[in-house]
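Enquirer: Take these sequences, add in the hints, and give me the full structure.
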Amino acid sequence: MGFFSKNNEIISYTIDKGETRNLAISIQNGQVAVSAPWYCSKRQIDQIILDKKNWILKKLREYEEETKIKKSNLEIKSVKVFGEDYALNISYKLISNPELNLENKLIKIDLPVKYRNIDNTRIINIILEKFYKRLSEKEVELVMEKTRVSLGFAPDDYEIKEISGLLGKFIKENKNIIINPQIVKYNKDILEYVVLHEFCHIKYKTHTKSFYKLIEKFMPNYREIEEKIKGLF
3 MGFFSKNNEI ISYTIDKGET RNLAISIQNG QVAVSAPWYC SKRQIDQIIL DKKNWILKKL
63 REYEEETKIK KSNLEIKSVK VFGEDYALNI SYKLISNPEL NLENKLIKID LPVKYRNIDN
123 TRIINIILEK FYKRLSEKEV ELVMEKTRVS LGFAPDDYEI KEISGLLGKF IKENKNIIIN
183 PQIVKYNKDI LEYVVLHEFC HIKYKTHTKS FYKLIEKFMP NYREIEEKIK GLF
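Positions in the sequence shown are counted from 1; adding 2 to them yields our numbering.
If you're looking for bench data, these hints aren't it; they were derived computationally from the structure. C-beta atoms are modelled at their ideal positions from N, C-alpha and C, and glycine is treated no differently. Do not rely on the hints blindly, as some may be mistaken.
Label-pair restraints from in silico Cβ distances [unchecked claim]:
| id | residue 1 | residue 2 | range |
| --- | --- | --- | --- |
| 1 | Lys-232 | Leu-108 | 27 to 35 Å |
| 2 | Lys-232 | Lys-116 | 42 to 50 Å |
| 3 | Asn-176 | Gly-154 | 14 to 22 Å |
| 4 | Glu-105 | Asn-31 | 25 to 33 Å |
| 5 | Thr-16 | Gly-233 | 47 to 55 Å |
Straight-line alpha carbon distances no greater than 25 Å define the calculated DMTMM-like cross-link-like pairs of lysine to aspartate or glutamate that follow [as the list claims (entries may be wrong)]:
| id | residue 1 | residue 2 |
| --- | --- | --- |
| 6 | Lys-116 | Glu-101 |
| 7 | Lys-140 | Glu-161 |
| 8 | Lys-230 | Glu-164 |
| 9 | Lys-135 | Asp-112 |
| 10 | Lys-187 | Glu-164 |
| 11 | Lys-54 | Glu-66 |
| 12 | Lys-190 | Glu-143 |
| 13 | Lys-177 | Glu-228 |
| 14 | Lys-107 | Glu-194 |
| 15 | Lys-232 | Glu-141 |
| 16 | Lys-171 | Glu-139 |
| 17 | Lys-54 | Glu-21 |
| 18 | Lys-205 | Asp-158 |
| 19 | Lys-174 | Glu-143 |
| 20 | Lys-132 | Asp-159 |
| 21 | Lys-207 | Asp-159 |
Expert: In C-alpha cells:
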C-alpha cells in the first residue's frame with residue numbers, strides 16, 4: 003500500500019511489481035491499483051500518479067456514483083442513545099480507517115470504500131461498541147462524581163465493562179463497582195439509578211429496608227425506574 007499526497011489530496015494505492023515492462027494504473031473496486039516493473043521506484047510511481055491525478059480522481063468519483071445505490075443492510079436501522087432512536091447512516095469514502103460522527107439524531111459512519119462490497123455487519127457492530135464504550139466512560143464519570151458528593155462516600159474504584167444480563171454490579175471483595183457500557187442505550191435516569199444502587203451496596207451488602215430507604219432518600223421515584231429496568235432483560 004502506498005500514499006500520494008498533493009495539495010491536501012491523498013490518493014492511496016496498491017503496488018504489484020513484477021516482470022512487466024510498462025507501468026499501468028487501474029481502478030479496482032474503488033481502489034487505485036498500480037502495476038509496475040520490479041525496478042520502478044516510489045518516486046517514479048508518485049510522478050505517474052501526479053500526472054494521472056485528474057483521471058484517477060474522476061474515475062474514483064464515477065465509481066462512487068455508480069455504486070451509491072448499493073446500501074448497507076444496516077442503513078435503515080436505528081440505534082439507541084439514552085433512550086432515543088438515532089438513525090444510522092453508512093457511507094463509503096476514500097479514507098483509510100472508519101469514522102463515526104454524531105449529528106443531532108443521526109449517527110454517521112464513514113467506511114473505507116474497500117468495505118463496500120462485503121458484509122460490513124461485524125465492522126459496524128465493533129464501531130458501535132467502541133462508541134458506547136467512549137460515551138459511557140464520559141457519562142459514568144459524571145454520575146459517579148455526582149453520587150459521591152450526594153452520599154459522602156464512594157467505592158475504591160470502578161470499571162466499565164460488559165456484564166451479561168446486568169447493567170451494574172458491586173464487588174464486595176474489593177469494594178469496586180462495574181458498570182455495563184450498554185447502559186448508555188437507555189434513559190439517563192437508569193444510569194443514575196444503577197450507579198446509586200451500587201453505591202448503596204458499599205454501606206448495605208444486601209437489599210434490606212435500610213438499603214432501599216437510602217436509595218429513596220436520593221431518588222424518591224426509584225420504583226418506577228426499577229420497573230423500566232425489569233423490562234430490559
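Enquirer: Each hint needs a verdict: does it hold in this structure or not?
Expert: Each hint, compared with the structure:
1. Between Lys-232 and Leu-108 the Cβ separation comes to about 31 Å, which falls inside the hinted range of 27 to 35 Å.
2. Checked against the hint of 42 to 50 Å, the C-beta distance between Lys-232 and Lys-116 comes to roughly 44 Å, which is consistent with it.
3. Separation of Asn-176 from Gly-154 is about 21 Å and conforms to the stated range, judged on CB atoms against 14 to 22 Å.
4. Under the hint 25 to 33 Å, the C-beta atoms of Glu-105 and Asn-31, about 28 Å apart, fit the expected range.
5. Evaluation of the 47 to 55 Å hint for Thr-16 and Gly-233 yields a pass: the beta carbon distance comes to about 50 Å.
6. At most 25 Å may separate the alpha-carbon atoms for a hinted pair to count; Lys-116 and Glu-101 meet this at roughly 14 Å.
7. Between Lys-140 and Glu-161 the alpha-carbon distance is near 12 Å, which keeps this suggested pair within the 25 Å criterion.
8. For the hint pairing Lys-230 with Glu-164, the CA-to-CA distance comes to about 20 Å; that is within 25 Å, so the pair holds.
9. Between Lys-135 and Asp-112, the direct Cα distance comes to roughly 19 Å. Compliance with the 25 Å bound is thereby established for this hinted pair.
10. For the hint pairing Lys-187 with Glu-164, the CA-to-CA distance comes to about 13 Å; that is within 25 Å, so the pair holds.
11. Simply put, Lys-54 and Glu-66 have alpha-carbon atoms about 18 Å apart, close enough for the 25 Å limit, and the pair holds.
12. Restraint check for Lys-190 and Glu-143: the C-alpha separation of about 13 Å stays at or below 25 Å, so the hint holds.
13. Of the supplied pair hints, the one linking Lys-177 and Glu-228 holds, its CA atoms being roughly 23 Å apart against a limit of 25 Å.
14. Among the hinted pairs, Lys-107 with Glu-194 is consistent with the structure: their alpha-carbon atoms are about 22 Å apart, no more than 25 Å.
15. For the hint linking Lys-232 to Glu-141, the alpha-carbon distance of about 22 Å falls within 25 Å, and the restraint holds.
16. Restraint check for Lys-171 and Glu-139: satisfied, since their Cα atoms lie roughly 16 Å apart, inside the 25 Å limit.
17. For the hint linking Lys-54 to Glu-21, the alpha-carbon distance of about 23 Å falls within 25 Å, and the restraint holds.
18. At roughly 13 Å between alpha-carbon atoms, Lys-205 and Asp-158 fall within 25 Å of each other, so this suggested pair holds.
19. As the CA atoms of Lys-174 and Glu-143 are separated by approximately 20 Å, the hinted pair is consistent with the 25 Å bound.
20. For the hint pairing Lys-132 with Asp-159, the CA-to-CA distance comes to about 22 Å; that is within 25 Å, so the pair holds.
21. This hinted pair checks out: Lys-207 and Asp-159 have alpha carbons roughly 17 Å apart, not beyond 25 Å.
No hint from the list above goes unmet by this structure.
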